[in-house]
Amino acid sequence: MTGNKKWRDTLISYIFCAPAYTVFTLFIFVPIIWAFVLSFYDFSILTYLTPDFVGLRNYIRMVNDSYFWEALFNTFHFSAIYVPVSILAGFVFAIMLNERFPGRNFFRLAIFIPVVVSMVVASIVWLMILSPSSAGFANRIVGSFGIDPQGWLTQSNLAMNSIILVMVWKNFGFNMLIYLSGLQSIPDEFYQAAELDGASRFQRIIKITLPLVRPTTFFLLVTTTINAFQIFTPIYLMTGGGPGYSTTTIVNYLYMKGFQEFEMGYASAISVILFGILLLFTLIQKRISKSSDEAIV
Amino acid sequence: MLTKKKARTIRITVKTVILSGVAIITLLPLLWTISTSVSPDTGIETYSLIPEQFTTENYPLAWNYPTLFDSNVTLGTMFLNSLFVAAAVTILSLLFDSMAGFALARKRFLGRNVLFWAALSTLMIPFYVVVIPLYLIVLRMGLINTYTSLIIPFAASGFGVFMFRQAFFGIPLELEEAARIDGAGDVYVYSRIMLPLVKPTIATMMIFKVLWSWNMFFWPLLVIQDYSKMPINLGLTVFRGHHVTRWGLLSAGMIIATIPVIIVFLVMQKWYIQGLTAGAVKG
Numbered sequence: 041m042t043g044n045k046k047w048r049d050t051l052i053s054y055i056f057c058a059p060a061y062t063v064f065t066l067f068i069f070v071p072i073i074w075a076f077v078l079s080f081y082d083f084s085i086l087t088y089l090t091p092d093f094v095g096l097r098n099y100i101r102m103v104n105d106s107y108f109w110e111a112l113f114n115t116f117h118f119s120a121i122y123v124p125v126s127i128l129a130g131f132v133f134a135i136m137l138n139e140r141f142p143g144r145n146f147f148r149l150a151i152f153i154p155v156v157v158s159m160v161v162a163s164i165v166w167l168m169i170l171s172p173s174s175a176g177f178a179n180r181i182v183g184s185f186g187i188d189p190q191g192w193l194t195q196s197n198l199a200m201n202s203i204i205l206v207m208v209w210k211n212f213g214f215n216m217l218i219y220l221s222g223l224q225s226i227p228d229e230f231y232q233a234a235e236l237d238g239a240s241r242f243q244r245i246i247k248i249t250l251p252l253v254r255p256t257t258f259f260l261l262v263t264t265t266i267n268a269f270q271i272f273t274p275i276y277l278m279t280g281g282g283p284g285y286s287t288t289t290i291v292n293y294l295y296m297k298g299f300q301e302f303e304m305g306y307a308s309a310i311s312v313i314l315f316g317i318l319l320l321f322t323l324i325q326k327r328i329s330k331s332s333d334e335a336i337v
Numbered sequence: 221m222l223t224k225k226k227a228r229t230i231r232i233t234v235k236t237v238i239l240s241g242v243a244i245i246t247l248l249p250l251l252w253t254i255s256t257s258v259s260p261d262t263g264i265e266t267y268s269l270i271p272e273q274f275t276t277e278n279y280p281l282a283w284n285y286p287t288l289f290d291s292n293v294t295l296g297t298m299f300l301n302s303l304f305v306a307a308a309v310t311i312l313s314l315l316f317d318s319m320a321g322f323a324l325a326r327k328r329f330l331g332r333n334v335l336f337w338a339a340l341s342t343l344m345i346p347f348y349v350v351v352i353p354l355y356l357i358v359l360r361m362g363l364i365n366t367y368t369s370l371i372i373p374f375a376a377s378g379f380g381v382f383m384f385r386q387a388f389f390g391i392p393l394e395l396e397e398a399a400r401i402d403g404a405g406d407v408y409v410y411s412r413i414m415l416p417l418v419k420p421t422i423a424t425m426m427i428f429k430v431l432w433s434w435n436m437f438f439w440p441l442l443v444i445q446d447y448s449k450m451p452i453n454l455g456l457t458v459f460r461g462h463h464v465t466r467w468g469l470l471s472a473g474m475i476i477a478t479i480p481v482i483i484v485f486l487v488m489q490k491w492y493i494q495g496l497t498a499g500a501v502k503g
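Chains as they are written, first to last, in the numbering used here: chain Z, 41 to 337; chain U, 221 to 503.
No lab work stands behind these hints, which were simulated from the structure alone. Predicted model, so just to flag it, every value in this text is computed and none were measured. A few of these clues could be false.
Computed from the model, here is a short list of chain U residues facing chain Z with C-beta under 10 Å [as the list claims (entries may be wrong)]:
id: 1; residue: R228
id: 2; residue: G321
id: 3; residue: A339
id: 4; residue: V349
id: 5; residue: L359
id: 6; residue: T366
id: 7; residue: I401
id: 8; residue: L456
The list that follows gives simulated cross-link-like pairs (lysine-lysine, PhoX-like), each with its CA atoms no further than 25 Å apart [unchecked claim]:
id: 9; chain 1: U; residue 1: K419; chain 2: U; residue 2: K490
id: 10; chain 1: U; residue 1: K327; chain 2: U; residue 2: K419
id: 11; chain 1: U; residue 1: K235; chain 2: Z; residue 2: K247
id: 12; chain 1: U; residue 1: K235; chain 2: U; residue 2: K225
id: 13; chain 1: U; residue 1: K490; chain 2: Z; residue 2: K247
id: 14; chain 1: U; residue 1: K235; chain 2: U; residue 2: K224
id: 15; chain 1: U; residue 1: K224; chain 2: Z; residue 2: K247
id: 16; chain 1: U; residue 1: K327; chain 2: Z; residue 2: K46
id: 17; chain 1: Z; residue 1: K45; chain 2: U; residue 2: K327
Built from N, CA and C at the ideal position, the CB exists for glycine as well.
Given only the sequences and the hints, what does the whole structure look like? Please build it.
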């Protein structure tokens, strides 16, 4: 009787799980394994049913492909600036908006709104703002300081920095929100005690707030980096990876190779490397958050 | 005491000035788009935040504006496409995620742990890494240029399964047992007892799914070439490519594409923030 019920329960549970796990299997588990397999083949959309086995040739090609290295470098360049700046900005404004004062909710909303807007809309609007013409918004602002019109997205020395600017604008409100929730968990007594000891506001932020929000900072550091390494849409829409290859990132290069030049085997190999890099970040997070848990206990 | 109060007043004033500056920067691109969308569409770049002449004609024009190759397809069609896809993704994934979450949280069965870890492992697999095989699978299934290709791959998510599992896990056993004694089956317990008790999780997942599916771009870019099936965000890029100087129309189109997400966010921001925070705390 009980054995019967156990099997019945198991059967019902599998029925409940079936739809979600069918989706996972078909669209995540099979593809991730297939991505590894495909990276050893040469094929295009037309020849994917009869791919040529090429062994490690795609990977060897990658090592010797200077554009791939440039894309990798650009992705690091983007992340190295975007990640700390957007996290720092999020922290600063969370500190400012933690205390109650008139207008607080409006400012929080104003800073968060760009997060909700689609990346497509944001990219098109910024494309107009950063227009190289002297009538462009950005150029009129620098013009009022006597600086010549710049090709914000068309000069290779500026393009990546413009992309970083747009991405910080778009996403630092997210980091602010996460910090705000982290700040809620710090008891007021900590600050009151420090105030009695004569600590200045700035000292209190450095000595109390910063160490106590370390888990939040760490969470943001890892998730923002993982997202930064997958930047695609703003670059695709604003610079197309150019000028030259100066703003081509890993995913833009993957898209170019796989879906514009139809070298899908090579693109699969690039995606495997991307997976390796992102997995490394995830494992570092798991490792460190585990050890910090132990430290607290 | 008085000096402390004074210091606070000064601090708040300085803060308000700085924050106003930042708010202008964060809101300016959108305010400017709104301004352009209600200015006459002269084809000349305008950069005023306050329209010199006010008009609403860009909105119906943009909504009805035909794309270059198919005169039956307008930005309005694409808006409805997005609405349909977002609704379908949201409904299906809420259903599938909560069903799986229910089984994982409330039932004991062989392989439960394996399935739970499998759901978590999907969170570590970035979309761009699986996109080529995924594209080939969708191609093989003959789903290129269909709504189905925009819906089915996202009809469940590891994050959703995880969130629902956590929510169902916290419900006391007594509530379930009382119904079971009355002869209730699993479907009844799931749909009539459990689901109503996790409304906050439903709300959180709903806003995540709606925003995410409305704003998705890369995948539609790959699988939809047919204008009549395009979601509005992809449509906007095509529209821009064809009419780069029609700023009034383009701006109106962008506002049309943005209004739903702003409304959904404003109405449900409490749940959105709760969901984000839950994710961060778990780390």
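**OP:** Give me the numbers of the hints this structure contradicts, sorted from smallest to largest.
**Re:** 6, 7 and 13
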